[in-house]
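Engineer: Here the protein sequences line up with chains A and B, keeping their order. Take 1 as the starting number for the first sequence in my numbering and just add one per residue. Take 461 as the starting number for the second sequence in my numbering and just add one per residue.
Keep in mind that the hints were calculated from the coordinates and are not lab data. Some hints could be false.
[Unchecked claim] The calculated lysine-lysine pairs, modelled on DSSO-like cross-linking and capped at a C-alpha distance of 30 Å, are:
id, chain 1, residue 1, chain 2, residue 2
1, A, 277, B, 506
2, A, 37, B, 567
3, A, 37, B, 666
4, B, 972, A, 4
5, A, 4, B, 823
6, B, 524, A, 389
7, B, 973, A, 395
8, A, 409, B, 897
9, B, 823, B, 567
10, A, 37, B, 606
11, A, 37, B, 823
12, A, 389, B, 972
13, A, 2, B, 606
14, A, 409, B, 912
15, B, 872, A, 37
16, A, 37, B, 912
17, A, 2, B, 567
18, A, 409, B, 973
19, B, 877, A, 49
20, B, 872, A, 389
21, A, 389, B, 666
22, B, 507, A, 277
23, A, 395, B, 897
24, B, 509, A, 385
25, B, 771, B, 912
26, A, 2, B, 790
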Amino acid sequence: MKVKVISRSTDEFTRERSQDLQRVFRNFDPNLRPQEKAIEYVRALNAAKLEKIFARPFIGAMDGHIDAVSCMAKNPNYLKGIFSGSMDGDIRLWDMASRRTVCQFPGHQGAVRGLAASTDGHTLVSCGTDCTVRLWNVPVATIVESDDSSNCTAEPLAVYSGNNAFWDVDHQWDGELFATAGAQVDIWNHNRSQPINSFEWGTDTVISVRFNPGEPNLLATSASDRSITLYDLRVSSPARKLIMRTKTNSIAWNPMEPMNFTAANEDCNCYSYDARKLDEAKCVHKDHVSAVMDIDFSPTGREFVTGSYDRTVRIFQYNGGHSREIYHTKRMQRVFCVKFSCDASYIISGSDDTNLRLWKAKASEQLGVLLPRERKRHEYHEAVKNRYKHLPEVKRIVRHRHLPKPIYKAASLRRTMTEAEGGKKKEGKLIVLQEVLPLNHYVKEESSKKLSELWHYQLL
Amino acid sequence: MGVKQDNADPGQILPPIEQELSNELDPKLKKYLRGEGTNLEVLKDKKLKSQLSVREELYGISAKAAAKAEEWLMPSEGGYLEVEGIEKPWRINQHSISSEINISSLKNQHDIIIPDLGPYTLDFNSSGRYMAVAGRKGHLAVLDMKNMSLIKEMQVRETVRDIVFLHNELFFAAAQKKYPYIYNRDGIELHCLKEHGSVLRLQFLKSHFLLASINKFGQLHYQDVTMGEMIGNIRTGLGRSDVMQVNPFNGVVALGHSGGTVSMWKPTSAAPLVKMLCHPGPVSAMAFHPNGHLMATSGKERKIKIWDVRKFEVLQTIPGHARALDFSQKGLLAAGNGSFVQIFGDLSESQHYSRYMGHSMVKGYQIGKVLFRPYEDVLVLGHSMGWSSILIPGSGEPNFDTWVANPYETSKQRREKEVRSLLDKLPSETIMLNPSKIGTMRPVNKKEKQTKQEIAAEMEAAVEAVKDTAFKNKTKGRNKASKRAKKRKELIERVKRPLLERQLKEDEKLAKKPKISEKENALPTALQRFASKKATA
Numbered sequence: 001m002k003v004k005v006i007s008r009s010t011d012e013f014t015r016e017r018s019q020d021l022q023r024v025f026r027n028f029d030p031n032l033r034p035q036e037k038a039i040e041y042v043r044a045l046n047a048a049k050l051e052k053i054f055a056r057p058f059i060g061a062m063d064g065h066i067d068a069v070s071c072m073a074k075n076p077n078y079l080k081g082i083f084s085g086s087m088d089g090d091i092r093l094w095d096m097a098s099r100r101t102v103c104q105f106p107g108h109q110g111a112v113r114g115l116a117a118s119t120d121g122h123t124l125v126s127c128g129t130d131c132t133v134r135l136w137n138v139p140v141a142t143i144v145e146s147d148d149s150s151n152c153t154a155e156p157l158a159v160y161s162g163n164n165a166f167w168d169v170d171h172q173w174d175g176e177l178f179a180t181a182g183a184q185v186d187i188w189n190h191n192r193s194q195p196i197n198s199f200e201w202g203t204d205t206v207i208s209v210r211f212n213p214g215e216p217n218l219l220a221t222s223a224s225d226r227s228i229t230l231y232d233l234r235v236s237s238p239a240r241k242l243i244m245r246t247k248t249n250s251i252a253w254n255p256m257e258p259m260n261f262t263a264a265n266e267d268c269n270c271y272s273y274d275a276r277k278l279d280e281a282k283c284v285h286k287d288h289v290s291a292v293m294d295i296d297f298s299p300t301g302r303e304f305v306t307g308s309y310d311r312t313v314r315i316f317q318y319n320g321g322h323s324r325e326i327y328h329t330k331r332m333q334r335v336f337c338v339k340f341s342c343d344a345s346y347i348i349s350g351s352d353d354t355n356l357r358l359w360k361a362k363a364s365e366q367l368g369v370l371l372p373r374e375r376k377r378h379e380y381h382e383a384v385k386n387r388y389k390h391l392p393e394v395k396r397i398v399r400h401r402h403l404p405k406p407i408y409k410a411a412s413l414r415r416t417m418t419e420a421e422g423g424k425k426k427e428g429k430l431i432v433l434q435e436v437l438p439l440n441h442y443v444k445e446e447s448s449k450k451l452s453e454l455w456h457y458q459l460l
Numbered sequence: 461m462g463v464k465q466d467n468a469d470p471g472q473i474l475p476p477i478e479q480e481l482s483n484e485l486d487p488k489l490k491k492y493l494r495g496e497g498t499n500l501e502v503l504k505d506k507k508l509k510s511q512l513s514v515r516e517e518l519y520g521i522s523a524k525a526a527a528k529a530e531e532w533l534m535p536s537e538g539g540y541l542e543v544e545g546i547e548k549p550w551r552i553n554q555h556s557i558s559s560e561i562n563i564s565s566l567k568n569q570h571d572i573i574i575p576d577l578g579p580y581t582l583d584f585n586s587s588g589r590y591m592a593v594a595g596r597k598g599h600l601a602v603l604d605m606k607n608m609s610l611i612k613e614m615q616v617r618e619t620v621r622d623i624v625f626l627h628n629e630l631f632f633a634a635a636q637k638k639y640p641y642i643y644n645r646d647g648i649e650l651h652c653l654k655e656h657g658s659v660l661r662l663q664f665l666k667s668h669f670l671l672a673s674i675n676k677f678g679q680l681h682y683q684d685v686t687m688g689e690m691i692g693n694i695r696t697g698l699g700r701s702d703v704m705q706v707n708p709f710n711g712v713v714a715l716g717h718s719g720g721t722v723s724m725w726k727p728t729s730a731a732p733l734v735k736m737l738c739h740p741g742p743v744s745a746m747a748f749h750p751n752g753h754l755m756a757t758s759g760k761e762r763k764i765k766i767w768d769v770r771k772f773e774v775l776q777t778i779p780g781h782a783r784a785l786d787f788s789q790k791g792l793l794a795a796g797n798g799s800f801v802q803i804f805g806d807l808s809e810s811q812h813y814s815r816y817m818g819h820s821m822v823k824g825y826q827i828g829k830v831l832f833r834p835y836e837d838v839l840v841l842g843h844s845m846g847w848s849s850i851l852i853p854g855s856g857e858p859n860f861d862t863w864v865a866n867p868y869e870t871s872k873q874r875r876e877k878e879v880r881s882l883l884d885k886l887p888s889e890t891i892m893l894n895p896s897k898i899g900t901m902r903p904v905n906k907k908e909k910q911t912k913q914e915i916a917a918e919m920e921a922a923v924e925a926v927k928d929t930a931f932k933n934k935t936k937g938r939n940k941a942s943k944r945a946k947k948r949k950e951l952i953e954r955v956k957r958p959l960l961e962r963q964l965k966e967d968e969k970l971a972k973k974p975k976i977s978e979k980e981n982a983l984p985t986a987l988q989r990f991a992s993k994k995a996t997a
């Protein structure tokens with residue numbers, strides 16, 4: 001007869017010295033764990049509640065400007081710095097960690113409308129309503145030192161003047177060219193005082209311009225005739241034009257999928273398009289209640305931030321129809337520009353009340369270096385919350401956001417209006433697609449005939 | 461299924477050892493997969509299909525890792541009893557075992573004889589290290605079974621009918637003559653639970669922190685021991701019953717009654733979940749298998765029945781008396797009767813229980829309670845003259861999980877575990893017959909609510925149908941245009957009226973729904989988001 005009984009020796013199961021860690025033994029048998037799903041559900045509820053408790057997205061405000069902040073630019077080589085330009089011509093370089101001005105770039109006489117940093121981070125291009133484009137040398141040494149007391153001012157490298165006010169500027173990715181938007185789209189080189197190329201389609205002002213991150217010769221512009229136009233520098237002619245119902249205030253290309261761009265429109269929505277197929281929007285992002293003023297993608301390409309005239313900043317998923325997060329403060333007035341920081345953790349918003357505000361991209365994120373245990377616990381909470389996020393109690397807590405009363409009322413008004421119009425019927429949007437032959441082939445009389453042949457209407 | 465076979469590619473030839481291993485792992489994998497994978501073929505949504513297939517693959521990988529860990533990383537091995545030749549296992553007694561096993565396990569074979577203090581009942585804490593013992597004549601004691609030391613004993617000078625540990629070994633509840641009391645490990649009386657009355661049996665639901673009791677009048681009480689709130693107070697209406705067990709799988713309390721019925725209860729409802737007729741006579745004992753599928757009941761007509769609790773049908777009937785029943789962690793069933801205890805086991809994995817071992821005590825000792833010790837191959841019998849501990853090889857789970865129950869717990873670990881288990885405390889609404897239904901979709905209502913569009917469409921269709929009815933042309937001046945228009949209008953309204961009435965009724969029902977109560981409105985604004993119409997925790 002062979003008999004064996006469970007016998008455990010204490011030495012094997014307890015620690016040897018008091019400086020050792022306690023021993024942990026695992027047995028993953030589901031029979032030892034009754035009611036697993038109920039426990040997971042309780043943990044999901046607790047995780048959702050904890051997320052709300054720790055949700056403090058606002059980090060700080062950077063004040064110093066004396067007029068509304070009209071535009072911002074990121075320095076691609078330096079995470080801590082951000083440029084901002086205001087309506088009185090003041091351009092500043094900020095250190096986000098200490099939230100102080102590092103350098104000032106005085107010179108513009110009117111409002112600064114556009115700022116762009118070159119890819120190597122040494123040059124800053126600015127344009128304004130005083131019909132000038134100015135190039136500045138970014139003092140790298142001062143940024144690196146980030147000395148609190150010093151506040152340098154820089155002299156412009158060059159001042160180029162044009163005939164009309166400029167509305168926007170963008171620098172080519174990995175190139176020497178930059179484009180300005182004004183009466184027409186101008187392509188400049190750093191060293192030339194006149195634009196080396198000009199594009200024009202129609203007679204309306206071009207209000208924003210963006211270079212494609214993946215294809216350095218492609219750029220998208222939006223004009224005040226409610227159109228979005230794509231230009232190709234190599235062909236030196238406009239490539240595609242898309243006319244919408246309302247004007248587009250800003251465009252942003254998806255850095256991870258460079259064929260897609262998202263347009264921030266005046267009718268409170270953002271429209272994502274595939275640049276190869278402009279006849280239909282890939283996604284409509286609806287949540288704002290007033291004109292969307294600015295849009296910027298996160299470097300991960302998975303979400304984007306929008307700032308709107310309704311005093312809120314919203315974060316959307318790149319393919320989501322509704323926002324996942326909204327930030328608002330009593331003191332933040334109309335938001336004119338937003339930027340996603342280059343490490344995808346922070347959002348900077350510049351608004352009418354002369355402040356730049358720094359927010360966290362994930363409101364309940366724990367900043368700083370996390371211990372491995374903390375990181376695991378955060379990941380577990382995320383995972384268990386995602387598993388049960390469709391259940392009503394958990395969904396209610398996760399979805400809950402406090403909205404300011406005017407926005408809440410405006411949003412419910414919009415909802416009742418769209419419901420009254422017949423629910424899910426999409427808006428009839430007039431999209432005109434026009435394939436244009438290269439300009440040099442155009443003859444004026446023929447052109448009108450050709451245009452009428454090529455116009456075709458499409459209702460979405 | 462979300463499992464990728466190791467040898468799916470016929471061209472790939474594994475070395476023979478690995479082949480054997482992968483074959484061995486497959487049945488173990490089933491345990492960790494926790495059910496069938498979803499059928500992805502019926503999905504039309506490509507995005508959802510790809511997301512789900514990724515997830516199913518992850519489940520497969522984690523189940524495989526768990527099966528491998530079970531195969532290689534477990535520190536202890538289970539006990540066994542193998543007989544040779546013509547020996548029968550049920551003829552082997554404790555004395556013959558004791559000469560074959562190692563000396564350190566011999567301390568688990570003992571008899572404690574305390575003749576004057578009445579029949580003893582006992583309870584273990586979740587790790588099996590501590591035992592609480594209560595004699596009918598008022599003797600309460602808490603012992604540390606690892607060191608075989610007495611932690612605290614006291615005499616309460618009243619009849620004590622039952623004793624249970626609460627979530628820790630620090631607290632235990634004793635059902636005394638008039639009311640149950642909660643005591644500290646140091647013997648300090650912490651609470652006197654007057655609402656329960658004269659309790660016959662106590663049970664503690666570990667994950668819900670609920671103390672359930674059945675009293676002389678057949679009333680079932682559920683008390684939350686964290687806040688002291690009485691969650692449920694149910695008049696069973698089925699008379700006095702002193703057979704009460706908790707199903708560890710779903711937290712349901714089962715009572716055995718003198719009419720032979722077994723009823724199952726949850727704290728939030730006044731009617732039992734299930735009432736099943738088990739025996740022609742009174743139910744004398746009951747036990748649940750830890751996996752929640754099997755239940756053993758014994759009746760006064762000398763039959764022990766093993767039930768499948770999911771389908772409520774008898775799997776097996778074993779002849780014999782049993783005044784006390786218990787299942788071990790590995791599925792062995794102990795039936796105590798008189799001074800003899802019989803242990804049954806399903807040795808051939810076919811869910812058929814056959815005789816495994818037996819033990820008889822001195823004649824005259826009446827066994828009142830049998831309890832297997834968790835994580836050890838030990839069975840403790842509480843009888844009229846004290847208690848005895850015997851060895852049953854193969855009854856306990858050899859490998860414990862430190863995060864679930866740790867027999868080698870230090871006081872710091874115990875404190876941390878208490879806080880974590882309080883955070884994971886389940887609300888009493890999660891007690892249901894099938895707890896895996898949490899998180900699944902509710903079946904669709906047969907009568908689907910119409911959307912606004914459908915209602916509008918219905919109304920339009922009705923009006924269209926009636927619009928063009930031709931009216932008879934009246935003569936002699938009775939065919940006025942205004943009268944015709946009025947008639948047409950009335951006809952359309954008559955058609956619309958039933959639909960509008962239905963809409964009105966539904967709106968009324970919606971308006972009558974209970975709003976958030978006053979109490980929750982009185983909360984400060986920061987906490988109002990956590991107030992809800994139903995209690996959640």
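Engineer: Against this structure, judge whether each hint is valid.
Structural biologist: The hints, checked one at a time:
{"no.": "1", "hint": "277(A) <-> 506(B)", "in the structure": "21 Å, holds"}
{"no.": "2", "hint": "37(A) <-> 567(B)", "in the structure": "39 Å, violated"}
{"no.": "3", "hint": "37(A) <-> 666(B)", "in the structure": "15 Å, holds"}
{"no.": "4", "hint": "972(B) <-> 4(A)", "in the structure": "68 Å, violated"}
{"no.": "5", "hint": "4(A) <-> 823(B)", "in the structure": "29 Å, holds"}
{"no.": "6", "hint": "524(B) <-> 389(A)", "in the structure": "27 Å, holds"}
{"no.": "7", "hint": "973(B) <-> 395(A)", "in the structure": "21 Å, holds"}
{"no.": "8", "hint": "409(A) <-> 897(B)", "in the structure": "39 Å, violated"}
{"no.": "9", "hint": "823(B) <-> 567(B)", "in the structure": "24 Å, holds"}
{"no.": "10", "hint": "37(A) <-> 606(B)", "in the structure": "33 Å, violated"}
{"no.": "11", "hint": "37(A) <-> 823(B)", "in the structure": "48 Å, violated"}
{"no.": "12", "hint": "389(A) <-> 972(B)", "in the structure": "29 Å, holds"}
{"no.": "13", "hint": "2(A) <-> 606(B)", "in the structure": "25 Å, holds"}
{"no.": "14", "hint": "409(A) <-> 912(B)", "in the structure": "22 Å, holds"}
{"no.": "15", "hint": "872(B) <-> 37(A)", "in the structure": "28 Å, holds"}
{"no.": "16", "hint": "37(A) <-> 912(B)", "in the structure": "36 Å, violated"}
{"no.": "17", "hint": "2(A) <-> 567(B)", "in the structure": "20 Å, holds"}
{"no.": "18", "hint": "409(A) <-> 973(B)", "in the structure": "24 Å, holds"}
{"no.": "19", "hint": "877(B) <-> 49(A)", "in the structure": "21 Å, holds"}
{"no.": "20", "hint": "872(B) <-> 389(A)", "in the structure": "34 Å, violated"}
{"no.": "21", "hint": "389(A) <-> 666(B)", "in the structure": "26 Å, holds"}
{"no.": "22", "hint": "507(B) <-> 277(A)", "in the structure": "21 Å, holds"}
{"no.": "23", "hint": "395(A) <-> 897(B)", "in the structure": "18 Å, holds"}
{"no.": "24", "hint": "509(B) <-> 385(A)", "in the structure": "21 Å, holds"}
{"no.": "25", "hint": "771(B) <-> 912(B)", "in the structure": "43 Å, violated"}
{"no.": "26", "hint": "2(A) <-> 790(B)", "in the structure": "19 Å, holds"}
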